[in-house]
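Chains as they are written, first to last, in our numbering: chain W, 1 to 215; chain V, 1 to 300.
Each hint should be verified, as a subset may be incorrect.
What the hints assert, rightly or not - Below, in silico cross-link-like pairs of lysine-lysine (DSSO-like), each with a Cα-Cα straight-line distance of 27 Å or less: (1) V:Lys111 <-> W:Lys2; (2) V:Lys56 <-> V:Lys18; (3) V:Lys19 <-> V:Lys155; (4) V:Lys134 <-> W:Lys16; (5) V:Lys18 <-> W:Lys9; (6) V:Lys19 <-> W:Lys16; (7) W:Lys75 <-> V:Lys56; (8) W:Lys75 <-> W:Lys9; (9) W:Lys9 <-> V:Lys182; (10) W:Lys2 <-> V:Lys155; (11) W:Lys75 <-> V:Lys111; (12) V:Lys56 <-> V:Lys19; (13) V:Lys18 <-> V:Lys212; (14) W:Lys2 <-> W:Lys16; (15) V:Lys182 <-> V:Lys155; (16) V:Lys18 <-> V:Lys209; (17) W:Lys16 <-> V:Lys132; (18) V:Lys111 <-> V:Lys131; (19) V:Lys182 <-> W:Lys75.
Since the hints were made in silico from the structure, they are not lab data.
Given the structure is predicted, the values throughout are model-derived calculations rather than measurements.
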Amino acid sequence: MKHCFLIIKNEWNNFKGNDPGLFAVYGIIIAIYSILFASNMISNNNQQNIVWWIFFSVVATGSFSGSVLIVERLKGSFEILLTCGISRNTILLGKVLYMVLMSIAMGLFPFVLSRLWVTFMSAYTTPVDWTGPVLYVGASFTSASCASWLGICLANPRLVHFVNLLLLSVVVAVHYFFNLGLVSLFFFLCAPGVLFLFLGMRAFASERVIQPVSL
Amino acid sequence: METAIVSVNGVSKSFGQKKVLDSIDWTLDAGTVYGLVGLNGAGKTTLIRLLLGLLKPDTGSIDVLGSNPWRHEPSYYTAVGAVLEHDGFRGNCTFDENIRFFAQARGLSPKDLSAYLDEVWETAHFRDGTKKVKHFSRGERMQCALCRAFLGWPKVCFLDEPTVALDMDAFDHFCSLVTGAKQRGATILISSHHIEAVEVLCDRIAVLKDSKLTDISEPVKKAHQWILRTDGNPEYGETIHRITGTKPSYRNGRWHFIPANPDREIPALVCRLVAQGCSVHEIKCLDTAFRESVKKAFEG
């Protein structure tokens, strides 16, 4: 566990050392999504917000999986990390946990901002709908786990984001078709995440983790 | 007494149809520096990756410090240092942040880390606390990688091209690091195209060619070239010339010469140089036949 936090801390240190331009891009994305959520809330269109929350998880998790998994594999810097004295499972868990935590942290901003927009823009206060944010957490976990597996297995790991988008689109389609409840939908989102994490651990213990990949 | 630290037994490795290593047998003893030379694509990096458990041998077995590297035991990695193609540092972090991470991963206390840095890297300019690693030069990054590889003085070091981009001072520092680790009983494997590094540092040398490993240590041992590590003051060159009768050459911070009678001339030379105020950092016998041996091994 200590080493898991060490991995998270290391990733965090690297993230906060990024150039200011990156944070500006994050700011713009957050602002756009918060306005989108707010307008849906005002027009009482919470079903659409669920979809946008799930897609926002792909954007958020994708941006972090890119830096902590995919770029590392493409550059070849995994080799040193794997020989640093921390077990492979701990390294992977630390990275997935970091992606999920950062995704949740990033999701908090549009959540709070959208509430503020609603308060300023409408005369009445709508009750907080937790469906979107809860599904966002589940989708973030699934996206991060999927990235941890496919980021290693795919010859071109940059395709992970498209696979994630496809996967979550299927989940959303199933949700609309079968009209799943919040709890079922949450578990429907998280179950593949657990499977992907298991597959990711297997892939991480194999040679594939350092195999040269095509850009 | 020499003790086997690394045993490679009948190891083969292929990538697709290409056989990179074929039935490699090699034993590395404690307190010895090994050189691994070979042409590009000969399989040097593959062999190091196998020793680090990053690749799995197709056939054969590897034993390093009594464990199989492919089992990926964290305790194995805390006893092994490595320099690989990518330095593995976080570009957006400072050197201190990076080295603290690796020290904690190895279970080193902050006190041990600062003792190591102060002892070995006190004057290193890359220790500037605010500069991010992504702004370091290639040579600086290599020095950082060396700093991490020798962190906590591991029992075994696998160094893949450790002299790339090092300037003369950094190379000298690298030599002193290897010597220091060797004195502590470490086994060091240096894979390099930099023949001089291998020539200067290694006790035993092997060549990888056509997927096979050939130990050329025996011809190396027959050699008689000497090197003296000091500054390039021409007066020292004249002294060497006067005592040994051969004209020395000064390259990369070292005088190279071939004494006719080393047993008599070397002690006399050292006494004379010290009397002249020369700081003799190192004096050792090299092989005149080294390059020829490597060439012969390449030619088969």
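* Given pair status - Lys155 of chain V, Lys2 of chain W, alpha carbons within 27 Å -> 25 Å, holds
* Asked: Lys75 of chain W and Lys56 of chain V: Cα distance at most 27 Å?
  -> At roughly 21 Å apart (the allowed maximum being 27 Å), Lys56 of chain V and Lys75 of chain W satisfy the hint.
* Holds or violated: Lys18 of chain V to Lys212 of chain V, with C-alpha atoms at most 27 Å apart -> Holds, because 13 Å separates the two Cα atoms, which is no more than 27 Å.
* 27 Å Cα cutoff - pair Lys9 of chain W, Lys182 of chain V -> Outside the cut-off at roughly 34 Å; violated.
* Taking 27 Å as the top limit, are the C-alpha atoms of Lys75 of chain W and Lys9 of chain W close enough? -> 21 Å, holds
* Is the straight-line distance between the alpha-carbon of Lys18 of chain V and that of Lys209 of chain V 27 Å or less? -> 14 Å, holds
* Does Lys16 of chain W lie within 27 Å of Lys134 of chain V when you go C-alpha to C-alpha? -> 14 Å, holds
* Would the pair Lys56 of chain V and Lys19 of chain V pass a check requiring their Cα atoms to be no farther apart than 27 Å? -> Answer holds: Lys56 of chain V to Lys19 of chain V is near 14 Å, not above 27 Å.
* Pairwise hint evaluation, Lys132 of chain V against Lys16 of chain W, where the allowed Cα distance is 27 Å at most -> Answer holds: Lys16 of chain W to Lys132 of chain V is near 12 Å, not above 27 Å.
* Straight-line Cα separation of Lys182 of chain V and Lys75 of chain W no greater than 27 Å? -> With Cα atoms ~32 Å apart, Lys182 of chain V and Lys75 of chain W exceed 27 Å; violated.
* Does the alpha-carbon distance linking Lys182 of chain V and Lys155 of chain V stay inside the 27 Å limit? -> 9 Å, holds
* Verify the proposed pairing of Lys111 of chain V with Lys131 of chain V, using a straight-line Cα cut of 27 Å. => 23 Å, holds
Checked against the numbered hints listed earlier, the structure breaks hints 3, 5, 6, 9, 11, 19; every other hint is satisfied.
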